[in-house]
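Peer 1: Here is how the chains run, residue by residue.
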Amino acid sequence: GAVVSQHPSRVICKSGTSVKIECRSLDFQATTMFWYRQFPKKSLMLMATSNEGSKATYEQGVEKDKFLINHASLTLSTLTVTSAHPEDSSFYICSASIPPGLAGTDTQYFGPGTRLTVL
Amino acid sequence: AQSVTQLGSHVSVSEGALVLLRCNYSSSVPPYLFWYVQYPNQGLQLLLKYTTGATLVKGINGFEAEFKKSETSFHLTKPSAHMSDAAEYFCAVSALGTGTASKLTFGTGTRLQVTL
Chain C
2 GAVVSQHPSR VICKSGTSVK IECRSLDFQA TTMFWYRQFP KKSLMLMATS NEGSKATYEQ
62 GVEKDKFLIN HASLTLSTLT VTSAHPEDSS FYICSASIPP GLAGTDTQYF GPGTRLTVL
Chain Z
4 AQSVTQLGSH VSVSEGALVL LRCNYSSSVP PYLFWYVQYP NQGLQLLLKY TTGATLVKGI
64 NGFEAEFKKS ETSFHLTKPS AHMSDAAEYF CAVSALGTGT ASKLTFGTGT RLQVTL
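So the protein sequences, as listed, match chains C and Z. So for the first sequence, my numbering puts the first residue at 2; every next one is plus one. So for the second sequence, my numbering puts the first residue at 4; every next one is plus one.
Bound-form chain Z, shown alone (with noise of 0.2 Å):
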């Protein structure tokens, strides 16, 4: 069975600092990670995912994250952060699930708020 543990419901950073938001899996087989933002009231947007090959994955927006196995981890990160980084962020690893594609189980995610 899969899991999702994100450290941190919410986080506050000022506009330009560093952002990091925390996110370790478990998983019984090599995993398939992703990160989703959702602004309030909509749907969920993929910001990257992480298959197979490199472990630093660029994704929309400036973001990136990296796979560690090791530590389990795949924390999301922006060297910059704007005021319309303001949201909430999934971290989520996917497992086999009914016909071809892959249910994902989803952590409980992290508001991040972003100050001047």
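With the rest of the complex left out, here is chain C (with noise of 0.2 Å):
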């Protein structure tokens, strides 16, 4: 259980465009999804927290109008990096909240993350 996925894997396009990456919870629903961005050989860096039905909230520093992100549904997320450019490449991964149930807290559940190569 608790299987999330994204598609594509890896994406390469040209400077200018813009790309689509969708996240989705496979066999269980997910109020909230985040977004992170990962560096090579560096840790995550939460660029937003995706709220079904609503807009999403994003991290200090994190262009809202360049990353769009929309959960519409409880179980897929979109992230959108508009007008896309080198600087954006990157390993973009989300994850899936389960809610704490009786006791403790949420656990957040990872894609398998989408490479994006901006030429």
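Hints may contain errors.
[As the list claims (entries may be wrong)] Beta-carbon label-pair distances, calculated as ranges:
#1 C:L69 / Z:S17: 47 to 55 Å
#2 C:V4 / Z:E18: 29 to 37 Å
#3 Z:T118 / C:K42: 17 to 25 Å
#4 C:A73 / Z:T118: 29 to 37 Å
#5 C:R116 / Z:S12: 17 to 25 Å
#6 C:N71 / Z:P33: 30 to 38 Å
#7 Z:S15 / C:K65: 38 to 46 Å
#8 Z:T8 / C:G62: 40 to 48 Å
#9 C:L27 / Z:T55: 27 to 35 Å
#10 C:R11 / Z:E18: 16 to 24 Å
#11 C:L69 / Z:E69: 39 to 47 Å
#12 C:F29 / Z:S29: 29 to 37 Å
Because the hints were derived from the structure by calculation, they are not lab data. Here the structure is a predicted model, which means the values were calculated and not measured. Where is the CB? At the ideal position from N, CA and C, for every residue including glycine.
Make one complex out of these two single chains by using the hints.
Peer 2: Right under this line is the structure:
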């Protein structure tokens, strides 16, 4: 259980184009999903928190007009990188949160990531 | 605010040897702690988590971690390393976020190398 998928796994695009990345929770409903960015040999940087049916909450320094997030259903969130440039090249990872239930905290389950290369 | 420090960006052990990956945290509230593993070009897989109760937490693949409040630590151990354990390991602490879900703060990661 708790499987999260991402599509595509790898994408190469030209500078100036937009790219959409999908994140799906396959066997559970996720009220909240998260989007991270990971640079080579670095940790994960949280970009935004995506709540179903409402606007995403972006971390400080993340351009909301450049990284558009839509959480249209309880199993799908999308990240669109608009007018992509080479500096947007990175590994983008999403996670979906399962509520805590009777004890403790919610738990995030991660997708396999999407490698974006902007030429 | 929460923070996580992972001592040692790179750890190398022999196959069959003890694995010890260190994690110290800082939190103004009782923490929830996690260990995740990342294989090359993949997302993160949850190894184990501490929420409440027993301080020794057992996870998948033979890993375990012990929450020590007095030392603000949550070190990850495995008695005998296997070649397949070679990966990047991340310690994380959760904090309240928007809505009902908590945000994770990650450490910088420790790359585990297992040699023959």
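Peer 1: Each hint: holds or not?
Peer 2: Now the hints, each set against the structure:
1. C:L69 / Z:S17: 47 to 55 Å: 48 Å, holds
2. C:V4 / Z:E18: 29 to 37 Å: 30 Å, holds
3. Z:T118 / C:K42: 17 to 25 Å: Check passed, 20 Å falls within 17 to 25 Å.
4. C:A73 / Z:T118: 29 to 37 Å: Once the Cβ atoms are compared, 48 Å apart, the range 29 to 37 Å for T118 (chain Z) and A73 (chain C) is violated.
5. C:R116 / Z:S12: 17 to 25 Å: 22 Å, holds
6. C:N71 / Z:P33: 30 to 38 Å: 34 Å, holds
7. Z:S15 / C:K65: 38 to 46 Å: 42 Å, holds
8. Z:T8 / C:G62: 40 to 48 Å: Taking Cβ atoms as reference, T8 (chain Z) and G62 (chain C) lie about 22 Å apart, which means the hint is violated.
9. C:L27 / Z:T55: 27 to 35 Å: 29 Å, holds
10. C:R11 / Z:E18: 16 to 24 Å: Violated, since R11 (chain C) and E18 (chain Z) (Cβ atoms, about 32 Å apart) do not stay within the stated range.
11. C:L69 / Z:E69: 39 to 47 Å: Once the Cβ atoms are compared, 42 Å apart, the range 39 to 47 Å for E69 (chain Z) and L69 (chain C) holds.
12. C:F29 / Z:S29: 29 to 37 Å: 31 Å, holds
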